[in-house]
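Trainee: One-letter residues, chain by chain:
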Amino acid sequence: MSLDTVGLALAGTARRTRRRTRPSALVVASIALLGIVAVASVLAPVITPYAPDATDILNSSAGPTSEHLLGTDGTGRDTLSRLLIGAQLSLLAPLAVAVITTAVGALLGLAAARIGGAFDMIVSRAMDIVFAFPTLLLALLAVAVFGPGLTAPICALALGYIPFVGRIVRSAAIQEQAKPYVGSHAVMGFSELAITVRHIFPNIAPVLLAQATLTFGYAMLDIAALSYLGLGVQPPAADWGSMIAQSQSAVLQGNLWSILFPGMAVILTVLAVNVLGESLSDRFSLASRSAR
Amino acid sequence: MSDSQNGETVLRATGLSKLFKSTVAVDDVSFSLKRGSSLGVVGESGSGKSTTARMIVGLESPSSGSVEFPGATGSGRRGRARLVQMIFQDPFHSFDPRITIAEALEEPLRLHFDWSRERRQARVAELLDQVGLSTRQGGALPRTLSGGQRQRAAIARALGIEPAILVLDEAVAALDVSIQAQVLVLLDNIRRDTGMSYVFVSHDLAVVRYITTDVIVMRSGRVVEAGQTEQVLADPQHPYTRLLLDSVPRPGWDLDRVRRGRLELDSMKETS
Amino acid sequence: MIFRLIGSRLLAAIVTMGVAAVVIYGSLRLIPGDPVSAITAGTRLTSEQRAALREKLGLNQGFVSGFTHWLGSVLQLDFGQSMVYGSSVNDLLAARMPTTVTLVLYAAALSLVLGLGMALVSATRPGIIDRIGLVVTSLSIATPSFVVALVLLGVFAVQLRMFPATGSGDGFGDMVYHLTLPAIALMVATFGLVARIMRATFREELVSEHVEVARSRGVARMDILRRHVVRNSVGPMMTITALLLAALFIGTAIVETAFGVDGIGQLLVVSIARRDFPVVQAISLLSVGLFVVTSTIADLALPFVDARVRAVGGLR
Amino acid sequence: MMSTATNSSAAAAAAAPLEISGLSITVQVDGESRPLLDKVSLSVAKGEIVGLVGESGSGKSVTSRSALGLFPGHAITTGSVVVDGVEVIGASAAQLLELRRTRASMIFQDPRSSVNPVRRLGDFLTEGLRARGVGRAEANRTAIGLLEEVGIRDPARAMRRFPHEFSGGMLQRIVIAGALSIGPRLVLADEATTALDVTTQAEVVALLKRLQAESGTGMLFVTHDLELAAALCDRIVVMYAGRVVETGAASAIFAEPQHPYTVGLLGSNPRLTGERATLTPIVGRPLALAEAPAGCAFRDRCPIAVPACATEVPALRPSRATEVACIMPGDEKAA
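Chains as they are written, first to last, in UniProt numbering: chain A, 1 to 292; chain B, 1 to 272; chain C, 1 to 316; chain D, 1 to 335.
Do not take every clue at face value.
[Stated by the list, open to error] Just the calculated beta-carbon pair ranges, DEER-fashion:
| id | chain 1 | residue 1 | chain 2 | residue 2 | range |
| --- | --- | --- | --- | --- | --- |
| 1 | C | S87 | A | L95 | 38 to 46 Å |
| 2 | A | M121 | B | S22 | 15 to 23 Å |
| 3 | B | T73 | A | E192 | 17 to 25 Å |
| 4 | B | Q228 | A | A205 | 47 to 55 Å |
| 5 | A | Q175 | B | W115 | 33 to 41 Å |
| 6 | C | F304 | B | R136 | 37 to 45 Å |
| 7 | A | A205 | B | D114 | 27 to 35 Å |
| 8 | D | A137 | B | F20 | 24 to 32 Å |
Keep in mind the hints are simulated off the structure, nothing from the lab.
Built from N, CA and C at the ideal position, the CB exists for glycine as well.
Next comes chain A alone, as it looks inside the complex (with noise of 0.2 Å):
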């Protein structure tokens, strides 16, 4: 969903007021989780008990059973099994989003606030202009270009994130450097470049680690949204879109089982990753607003 996408960008600005020392075992049990999954998806070759197409006619759109744990689609596949290998695009995918977004977007963001004047107006008004692009648009259009495949969607989706991302450390960034302890470091006779990598940097990557943290969840749910429409990962390749998306049949015969497990899947882990995203950027706007 993209208006996911404008969570990023009020989210960010948006003071919180929660307030938050120690994780709490809610940011806990979220790390656990994504630990547990990322290890499991590394590890889903060796450790997948059935081949993911292998099919087991007699069992088809079963509920979970001592043989198949989580269930059979309609088809006969083993669910964990599927599960396991699809954890490995679908979480592959968004992190390379995130990644490309983060770097590009801090960046950008950075060097538009350090720089200032016509630089600063023409980065400005180019991400208000991508912005302009709801995510999920960008990542379809690419496949309409490009064809099916999750190559040019994860391109397009990395750059529809970017003024997320670069708005944010912007506005950051801008904040961070009226502090007088820039214009002390300044007037000590430091160039630009060390204040902004010493100081100003280090100071703003929280928030820029927050950010990622969330675009990696916002992504995931669109290349999601693309599998489950067919056009992004194709078989015999899975991801839990396109899983949930061969569930579809099942559920009209009235077989909600084959779509529990693909849809938590991805509910969990996106939600996991919010938590920690919105815990660090808590802890950020906590630490900015103590220091007072």
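With the hints as your guide, set chains B, C and D onto chain A.
Mentor: For chains B, C and D alone, kept in the frame of chain A given last:
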């Protein structure tokens, strides 16, 4: 005052002006500063006093006019840093929150002096001692120190570069009264011991009287009165200076005088 | 001052639309290899037909002249002919517009009512209620609309048979009935963000000093909420609404596909799969245009709800 | 612990605008209780301006806010705060609303954030009266009259304008008009002139003084500036670390301070006239009650402290012209 008459000139501002978009923040301001003297820049909000301070240290560039440091050899940002340092009003954000006070004090030493690590650290200890901070406070992060302690640390950091001039922009305005007095005494002693010159920007006439030898009074970007501090405060020539003085609260405060002073000033504006 | 503001905001909107047009037109030219064979993969064409298609898409001209030619038609609201359906893009869009507009407005109404309501309750009731609100909104933000769509289909259409599983109905009443599940699917996936952002806005107002002053004057709680908290949040509310509408429009691509609703969203997905470029370009322009128009309106309305903007002259 | 509300009109007519006695406030922060005020007592008589002076952490703002029942969250409050005959501690929500609408009002530090920026000034000025049920036309008339009183030109037009169209000084005049609109018996001014320029401060202080004298209302003037308090107020209450340390006539406090803290405050202020004396600052930093040592909270900073200062909290007792909470007051004249 004798000490301000004998010293050589270390700073000369000539016809300084600053425009922000279409508003004139500073309008044709000139003054000079002698070695070892302390110049007060007095005014209310919008007087251009802070902008003037920022032009002296190079944080703003003048739209016209010039800031010269006669007899100075260094050039560029690092060269100017050896000549003039600045203390800001807000003690809470004067330091990078991630590094300790001692590290923050050592940073400029590394930039400006080719010293060994031991020598730098010895100098940091000396600076902390000079402003009355303990070694333990030096090892702390800025946020664990009080406003007054941070302002002392900021002074120590500036002293480390051994500048000829220290610009203080409302440096004691944010502090509690009892802390403000401590910092004023410290500043007064430092100037006496080191022969450093001050440009002391403030809205508080009593503080300016305590810490400066000479003063310029600014209003709407212009200098309306200049002279030796004691003389200007004892016998103000400009109606605005008189109004400022009358406005300072004291027992037996004559608020009617303030009203008349304001009327006089307003009528002046209309005739000029 | 205010006229300069309006002027610069309109100029920005026009520039954005211009760049969007270049990108959307240029996408056709970005196709690796020969666009015509890529687009028509799977169908057998004579070389005359190929040449005609090349001519029609403006591919035998340079980029600039091709673009100006295309833009000229678009400005006359002529998006050309669909390569799949054969009919004009305008007819395809016009037939589907009522359905999609209804769906977007329906979902927006649900999302705003629920989102703003939750935001107000969460902001004014710290503690357990606020905490529950945070969990619910987090879930909403993390849930993809197609998962909600499938669950709604399985439960309410297939098992309980309360709502139809597919189609968009005949007549307005039937259409609303058919669009209820799709609208709920969109709402579930979007209200959380509305609630989150508005909660932060309300909170910020609630702790502001003018609210403290009103409290110190004995102004009743409801009046404080109405006159100080909600009133001062109208600006962000308008921005959210503008963004929400644009997001819901592109979101229809997912739920219309899930529910088999014959609207613009589904048309977009089908056209992308079949690389029906004239249709894709038209809907893409529509999507960007919707965002530009709604956010420009929100920005231009801001000076009327917040007098400060008129004076300061900043729109962002 | 909680006195019952005395609400009879006969009592109200005779009552002082403000009577605080033995007020202690403790707040719960992260499961720890943190004391803010310890047995604060002070009063404001009709027609009197009382200065409440202290540095950060002294509890002066908490004390003044308590008069409106504006206590910090999770606070345990003991003692008594009586405003115009109405007990605030333990008062019902309805009683508090009535108190704030009719008896007492507050002027805050920053006029720019005190007034809702998106609403017209007329809304701000009439809000207090409208909350009480006064009709729109009558509230408008009162507000326009008050704007004239505080020196706003073309008051009818000002009612339709927005806060950002006025300077800070003008806006604080409007805030004062708003505070006086309900005809309060008590006005609380919390650093009401601190954010203003010196010349503007003088004008606003003159205005406050005139309006207060005309209406005969009582005023509690909270400030960190002892000289301003001495210039404006009839009596002064000096607070340190959540306790009253000295109180007396303004002239007496200024000319003959007894508490070493008051002496230190005066010694910390550079003088504008007379000899350019050396400053005699107080060592250390001002403390809040929660971090203060046992016994006299000031003893770690006090130049004349003796071991006995640690044993108990000194009570206020008369000493020369003031009342002072120190076991050896006035012994510090030399410093």
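Trainee: Hints first: check each against the structure and report whether it holds.
Mentor: Going through the hints against the structure:
Under the hint 38 to 46 Å, the C-beta atoms of S87 (chain C) and L95 (chain A), about 43 Å apart, fit the expected range. Checked against the hint of 15 to 23 Å, the pair M121 (chain A) and S22 (chain B) passes, with Cβ atoms roughly 19 Å apart. Between T73 (chain B) and E192 (chain A) the CB atoms are about 24 Å apart, so this pair conforms to the stated range of 17 to 25 Å. With their beta carbons about 51 Å apart, Q228 (chain B) and A205 (chain A) fall inside the hinted range of 47 to 55 Å.
Checking the proposed 33 to 41 Å range against Q175 (chain A) and W115 (chain B) shows it holds: the Cβ atoms sit about 35 Å from each other. The hinted range of 37 to 45 Å is not satisfied by F304 (chain C) and R136 (chain B), whose Cβ atoms lie roughly 57 Å apart. Distance hint check for A205 (chain A) and D114 (chain B): the Cβ-Cβ separation is about 31 Å, which falls inside the suggested range of 27 to 35 Å. The supplied range of 24 to 32 Å is broken by A137 (chain D) and F20 (chain B), whose beta-carbon atoms lie about 45 Å from each other.
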